[in-house]
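K.L.:
Numbering (UniProt numbering), first residue to last: 1 to 1183.
Read the hints as simulated data drawn from the structure, not as lab findings.
Only pairs whose alpha carbons sit at most 30 Å apart, straight line, appear in this in silico DSS-like list of lysine-lysine:
1) Lys323 to Lys190
2) Lys1062 to Lys587
3) Lys56 to Lys33
4) Lys1075 to Lys1046
5) Lys1112 to Lys1062
6) Lys727 to Lys756
7) Lys601 to Lys727
8) Lys1112 to Lys973
9) Lys910 to Lys922
10) Lys1058 to Lys1075
11) Lys223 to Lys102
12) Lys1026 to Lys1058
13) Lys527 to Lys1067
14) Lys1026 to Lys1050
15) Lys1075 to Lys1030
16) Lys1067 to Lys478
17) Lys287 to Lys269
18) Lys995 to Lys1112
19) Lys527 to Lys591
20) Lys601 to Lys56
21) Lys383 to Lys467
22) Lys591 to Lys1062
23) Lys89 to Lys601
24) Lys591 to Lys1067
25) Lys200 to Lys408
26) Lys225 to Lys332
27) Lys995 to Lys1030
28) Lys269 to Lys223
29) Lys1058 to Lys973
30) Lys1075 to Lys1122
If you anchor each label on the Cβ, the simulated ranges turn out as follows:
31) Pro686 to Asp791: 50 to 58 Å
32) Ala683 to Gln740: 24 to 32 Å
33) Asp1007 to Pro541: 34 to 42 Å
34) Ala870 to Asp791: 31 to 39 Å
35) Ala870 to Lys807: 20 to 28 Å
36) Gly440 to Cys679: 41 to 49 Å
37) Asp291 to Asn311: 27 to 35 Å
38) Lys1058 to Glu967: 18 to 26 Å
C-beta: ideal position from N, C-alpha, C; glycine also.
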Amino acid sequence: MEFFWRHFFFTIVVITDRIWNSQAFNVGTAGAKIFSGPAAEEFGYTVQQATNHEGKWLLVSAPRSGFSGNRKGDVYKCPVSGSRNSCDKLNLQDSVSIPDVKNINDNMCLGLTLTRMPAGLMMCGPLWGQLCGDQDFYPGICAKMSPLFQPQPAFSPAVQTCGGPMDIVIVLDGSNSIYPWDPMVSFLKKLIPALDIGPKNTQVSVIQYAVDPKIQIRLNEYKTKATLIDATSRITQMYGQLTNTFHAIQYASQQGFHQSNGGRSGAVKVLVVVTDGESHDEDIRDKVIGDCERQGITRFGIAVLGYYTRNNINTDNLIKEIKSIASLPTEKYFFNVSEEAALSTIAGTLGSRIFNIEGTGKGMGNFEMEMSQVGFSAHYSSKQDVMMLGAVGAYAWSGTVVHQTGSKVDILPFSAFEGTLQDRNHSSLLGYSVTTLSDGSTEYFVAGAPRSNHSGQVIVYTVNAQKQSAIIDSERGKQIGSYFGSVLCPLDVDRDGVTDLLLVGAPMFMSDLKREEGRVYLFSVTKGILNEQGFLNGPPPTENARFGMAISAVPDLDLDGYNDVVVGAPLEDTGKGVIYIYNGQLKALNKQFSQRIFGSKLDPQLQYFGRSMDSYMDLNDDTLPDISIGAYGKVVQLWSRGVASVSAKASFNPNKINIFNKPCDVNGRKLSCFTTNLCFSAAFRPKNPVGPIDISYTLTLDADLQASRVTSRGLFTKNNERFLTEKAKISSASLCRDYQIYVQEAPDFVNSLSLKVEIEQQNADVNPVLDVFSASAWEFFIPFTKDCGSDDVCVSDLVLSVKTATKASSSAPVLVSANNRELSFEVVVKNKMENAYNTQVLATYSDNLYYSSVFPPTDEVKCTSTQTQAVTCQVGYPVLKQDQEVNFRINFDYNLDQLQNRAEVKFEAKSDGKEERPTDNKVDISIPVRYDAGIVLSRQSNIDFYVADAAVPVVTTVTSLDDIGPEFNFTVKVSTSNFPINLVYMTIALPMTTKGGNQLLYITSVDTQTGGAVSCDSSSLVDPLKIGAKSHKVSFSEESLRGMQKLDCKSAKCEYIKCILKDTEVKSDYFVKVKTRIWSGTFISATYQTIELTSTVDVETSDPDLLIIDLKHLPVVVTVSKPGEKGDVPVGVVVGSVIAGLLLLALAVGLLWKFGFFKRKYQQLQREADDDAQSHAHVDEVL
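Sequences are here, hints too, so could you generate the full structure?
P.N.:
As structure tokens, then:
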């Protein structure tokens, strides 16, 4: 028997836990470049990487740039290449303005927002304002930047229109009673500055009167405030004995606003009348004021009481007359002052009221976009070519989102988010953060509202071609004040164009120790619906860290094919700041950080390191993305490093230990020995130009010392120790070294001797860096000589037999539930030939299983889970002899966190020897699986029987819910078991109208439990008539419902309430309460005796082929009866009854005839007739 032994050993690869303790992976800290700027300007608030033909840059915002009292904000550019660590201010603050608008650039915070666009960047100053009259509005401003960082024309999607053209005619009393005159002129000089004077805005005319009126200044005579004020200062008092106020008003309405005197068609007309006495022409008052009303002239009346006061005259009639001049409501358009000198005190108020006249100004009642601060956040959607702009101040700080495509602006209305926000205090700040999610074909918009109901909220929505928005999903924060939703970061982990995760920052999340630790939540994304997947492990709970204040996706930091994430904690380390690196894997993100970088280690003077970040570009042309981090007054540029994955191999000569062969002389003793050939090689990412890597490695013999041997059986000849540490420079080519090992006398020469190899990098700050996700330790084994005949070659024939011990087959699916989770296999291993040393059964299993136990627990079979999704069982150790058979049961449990449609286990039997027939050493078992969701559906209703009394009159005018009919309320309860379900769809079908159009049910409310786990789309169905607000006429037709057993969705028209249950907890109940009224008019008017009004409830999981619900359909029935209603007998029944009666009669006659009934009767009658004849004959004889 020939057998050529090659490398007779097996290897265990160990990935150590050094990643969890690691402070350094492939973001380098050596050679960090730190740029400095003015901290008072908030330099470092935002950072963006950029490139153009001049080089690569960091654009750094300083939103408080400027001088005290006027910090407009600006942007700096910092050169990445070269040694210079200072930055150049772009001086953009004076280049950003809106034409034809009174700009308020002071403190506009330009650069508070910087975002990337296809050709350059965009900056925003959300506190940019405009002056409308005497009111300051803050709609925000943005401007794109060219590749050379030149500002493009600015735009403000929410810029306010300060009113259209307005013509104001001021009618001044110049009669003798006015004294002194100068206060009248001063009044004009104070009023005019409060007005928006200009040819396209406001024009002012002045008419003075006493006996007759005279135009002092025409409407279009002066174009600016300065010239107009100068002209008013030259007006002198005309004097006169009479005060013909209404003639002057008539003159103003006919001539003052006339086109020949500068009047404009379409301009708002405003008349201001200032007088100190009762008129002498009151008889024409009603006609004059009526003419003004018809012309749409708004009138202000100002009564100067000085003359009356000086002469002790009662002012009641004067005040009454001036109030009759003023428009309604009087309190808004009427003023009175004690004397002429007091006129100036009302000029400002009068100016404001003129500005706020409807159609010309902005009232201060309900803010919409006046204080919107558009540009507080921004995100560009390349798929739809839409720039999303957050507007946190919109709608009285409820907030909204502005969508801009080119010059087209779509401001989402308050109603788009009102129902979802449920913002009672108008402080949600929706738009604090914005982003998009993609599932390949559809893009979803996302907006954060960190103050929604104080705990924060994230809303996912879509906008169709008609600019109509639809809410897809929302998630609320779990702690008040945590600012959940203030930071959003979508992540396409596997780079397939589909968003896998949404990271949501809650940087002010409070730990149990009352520290602002901060938290970053993970949500998986399915068709726009968010499912929480826990949160990232970050700072210790003892720190004020604000973890999650900045989150940035990194495009494959370590070149493993998966995108990664960097998170800032700017308050950690007593305000110096720390950043954390998290690595992607498959479609998920490792929740444990792979690297933690302290700002204080880079520069002890750093503060708030991690307040902002960008990691989009490769800035040093090494194909690795680099990370730029903002701090207070500084920006740090860190360089990513290449990654090296080192592998080790070992071979032994001879390839087994023969304890009887002792060729080595060690210190005068003859001992068994062997030589280990250890080879290292490395794979580098990127392949060029990184490498080689300097490592130190430690070799350990018998690393797993057992109780039977307290010392190692092998020692290195080089140092007579079981440990040996050396250094090496590893490249892509193999580096091999030989080590001689001698074997001491020991009682255990059955178990293989192990050689463990562990490596670490000599210097963690160099490039490349050792891959923390690759193996860093290996274990190799060399066996001892086996008893396999004279040729010392073991040829075994292992036969493996496996069958399921539970009810399972390869065809019928197994229904897995919380109470039925076990999958067991009976395993039989038999050796038909020579001894099989180190016999093992390796079972690899799918992700939806995990290893549980082996039975019976004996020394003959020992199973250990050596690696993920695999278990190795030592069978008959150390040797499975010829014709020996071992039976055992191996048990698995279904992993309810990994749901798959098949459970697969692959068994393989092997040993250290040669296998004669390897074909019978493998058994693959695949079992179809379904999962019992364990959801129980139940319902409870307030009534199940209703009597429609025909004697009760039908109500046709509905003013309250009681006019409709009785309450029919039911509560649906969805109960979960021990099975975690992420998503459940529930549909409630309600029959609303008959086929004849008569109404059946009227929905008054649909209530779900608090907490947000259940959401129902029912707003359009609930109380559509708004009962109680006004009365409604209804009518009912006489409809026949005979022949119907029930009114359900087959025999009536139904409406559907669709509900979603998300992230349900185990052993929990979820409720939906539906309140309705039964339209009694329909059932009183219709003809029937008894009928069932049937609603239905259906539930389904998000994957109904995998997650099964046993009872997913539930009827909710109320039986309606109408007493006194007679049943119709169909014609067919009458005819059938007659025919059946005739046939029954014929049958009876036939039977009677057959049994001689009629024959006996006839004979009896005949005898009676004969007797009667004889009796008559006898009588005759007697006579």
